[in-house]
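Asker: Residue numbers (our numbering), protein chains in the order written: chain C, 1 to 205; chain F, 1 to 205; chain S, 1 to 130; chain D, 1 to 130.
Because the hints were derived from the structure by calculation, they are not lab data.
Incomplete in silico selection of chain D near chain F, CB under 8 Å: (1) Q23; (2) M24; (3) A102; (4) V105; (5) M109; (6) I129.
From the three backbone atoms N, C-alpha and C, an ideal C-beta is built for every residue, glycine too.
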Amino acid sequence: MTGKDAVKIVGQAVIEKKMFLTDLDQAIGDGDHGINMARGFESVLQKTEVLPDDTDISSILKTVGMGLISSVGGASGPLYGTAFLRAAGPCKDKTNIDANTAKAMLDAAIKGIQDRGKAQKGEKTMLDALIPASEAFAEGIKADKTLLECLSSAVQAAQDGVEYTKTIIATKGRASYLAERSIGHQDPGATSATIMLTALYNYIK
Amino acid sequence: MTGKDAVKIVGQAVIEKKMFLTDLDQAIGDGDHGINMARGFESVLQKTEVLPDDTDISSILKTVGMGLISSVGGASGPLYGTAFLRAAGPCKDKTNIDANTAKAMLDAAIKGIQDRGKAQKGEKTMLDALIPASEAFAEGIKADKTLLECLSSAVQAAQDGVEYTKTIIATKGRASYLAERSIGHQDPGATSATIMLTALYNYIK
Amino acid sequence: MVGIVIVSHSVKIAEGVKELALQMAKGHPVFTAGGTADGGIGTDPIRIQEAMEAANSGDGVVVMADLGSAVMSVGLAKEMLDPDLAEVVKLANAPIVEGAIAATVEASMGSSLEKVLQTAHDARNMDKID
Amino acid sequence: MVGIVIVSHSVKIAEGVKELALQMAKGHPVFTAGGTADGGIGTDPIRIQEAMEAANSGDGVVVMADLGSAVMSVGLAKEMLDPDLAEVVKLANAPIVEGAIAATVEASMGSSLEKVLQTAHDARNMDKID
Ligand SMILES: Nc1ncnc2c1ncn2[C@@H]1O[C@H](COP(=O)(O)OP(=O)(O)O)[C@@H](O)[C@H]1O
Ligand SMILES: Nc1ncnc2c1ncn2[C@@H]1O[C@H](COP(=O)(O)OP(=O)(O)O)[C@@H](O)[C@H]1O
Ligand SMILES: [Mg+2]
Ligand SMILES: [Mg+2]
Ligand SMILES: [Mg+2]
Ligand SMILES: [Mg+2]
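The following block holds chain C by itself, in its conformation from the complex (with noise of 0.2 Å):
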């Protein structure tokens, strides 16, 4: 299990997901989102298969970060980029990940999203998945469960985002051109993210 290894899942399941991604976007948004994600981790599978076996997971990061910025084009690329580059600070050092680490680097992935594209939950954007995420994340912790079981109900919680994301009203992002119309369609981005967080878990699990 190294850091390389969770990229390559990740990024694998996300380029798998290319059509159903650019399907969900061509409904509420200028159907590309599964485009641009899936050139985006070609590109940062290409950048990280390079890297050395042992290179620690915030340096992976990092170069996960530059690697979606460089390449995405669409606001998903400095929405995810920003998330993943910060997401390397709370792990900087760090050899082995627990729960707290874990916990660190998903708020510190949503509050650069925020940064960046200052949603708020509630707006039918990737936030929808990862903000009850970590708060299922943190319930989780509070409790005492393991790294796995918090991620399980991270992965959960990102899922009925998902569904919610279904019935409310965008207001950030190109869906936001719909008002209405956006209603009965779930979010791209929050479904992107939904998937990025079920494959770590299959891969750690």
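Based on these hints, arrange chains F, S and D with the ligands on the given structure of chain C.
Answerer: For chains F, S and D with the ligands alone, coordinates are given in the frame of chain C:
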């Protein structure tokens, strides 16, 4: 003395001043007023040349207006285009233009420019030549002057108007981007309007 | 559906705005009249008029323009239109890029002429804060 | 002189805005970052950062952006800049075409960063009434 000839004289006068007008527009605009007007009148003269010599003045003016509209490209296109089209109104079915008709034509042209560009006197535009010209023309009529005398005072007033544009700030058109920095420069459009009036006067004289 | 006409001094801007607008509303009737008749920088009332006619499919047209002289060319083009059509061809008092994208998406949802015009106008208030 | 950077999802819009802005302010430092790294529709924080660096000649830079995700890419590009430069690189809260032209003319007159930014912002109020 035909309408066709008058247009030719006026057009040639404008074409001759292509560089001068362009230089003026370089100082407070995008440096194309002479190019625009020369292109416009070259196209107009091609169109009027082929008209029968006895074409009535109203039809000729419509040809001039449409010619400018379809070839000038800058603000002066719709402005002068509308002016000529509207001037064709008061002289419809007239073979001889008396002072009152000429005044009505000038006023129709001014009204057209104002409908199009929403400018008033004092905004550093062609209107700062044309409105004083019309006022001087009206004075002439009141004093029972001949058409030629009225036109002579109108030309003088237009020239004074051009001088006046040097002292004011542009609040319409591209020169308005320069605000106070437009002071000290004469307005290209006021200049071209005066060139046309002057040429017409010299032709009739 | 309300048609959209993009009038810019620059052929590139007109084409670029169209490509961005269509990204969000594929296949919507968006027509451009960019640059002068001979391809230079400026506007061409004749091609604007043609674009207005082409964009109308019965529900009216919203026109986006970039600068003051484009606005004048639009006014003149409308004057040259059939008066019945001129009635339902409306210039948006809105920024060309931001307004065109919002208006095109709105129009593609089947909204009324008034609604599309309002949406374009509301794009004035779009905030850009990094 | 304050430099200008034009950030658009569309290469065509970025180039077109530059050509219109330069018409009124020949030779002014106007840099573009249009489209994605591979020439598609989108934005590229890396090229935005490069444009910001190129546009600065000591008096700061005003950045114009088209849509929300361009704004995010600008924010990120600024974060990647040398902090001293980032201090004087300002995103205008203004429409891209109308603001860029007004700002470029203002900058070409030697105005301050604040004045250029204000002029760009004021372009929000530009009326287009035919
Ligand atoms: N301001 C924002 N804050 C957080 N997430 C956002 C914001 N704007 C957009 N998003 C997310 O980005 C996703 C769209 O990404 P993508 O399609 O790649 O970019 P674009 O909209 O530029 O084409 C949306 O589904 C949403 O989750
Ligand atoms: N709103 C307006 N009303 C009247 N005249 C105007 C207006 N705007 C511009 N003009 C005139 O147009 C002239 C500039 O014409 P020109 O350079 O051919 O067009 P552009 O400004 O589009 O390049 C100005 O000098 C001014 O006299
Ligand atoms: Mg998208
Ligand atoms: Mg996109
Ligand atoms: Mg000019
Ligand atoms: Mg011009």
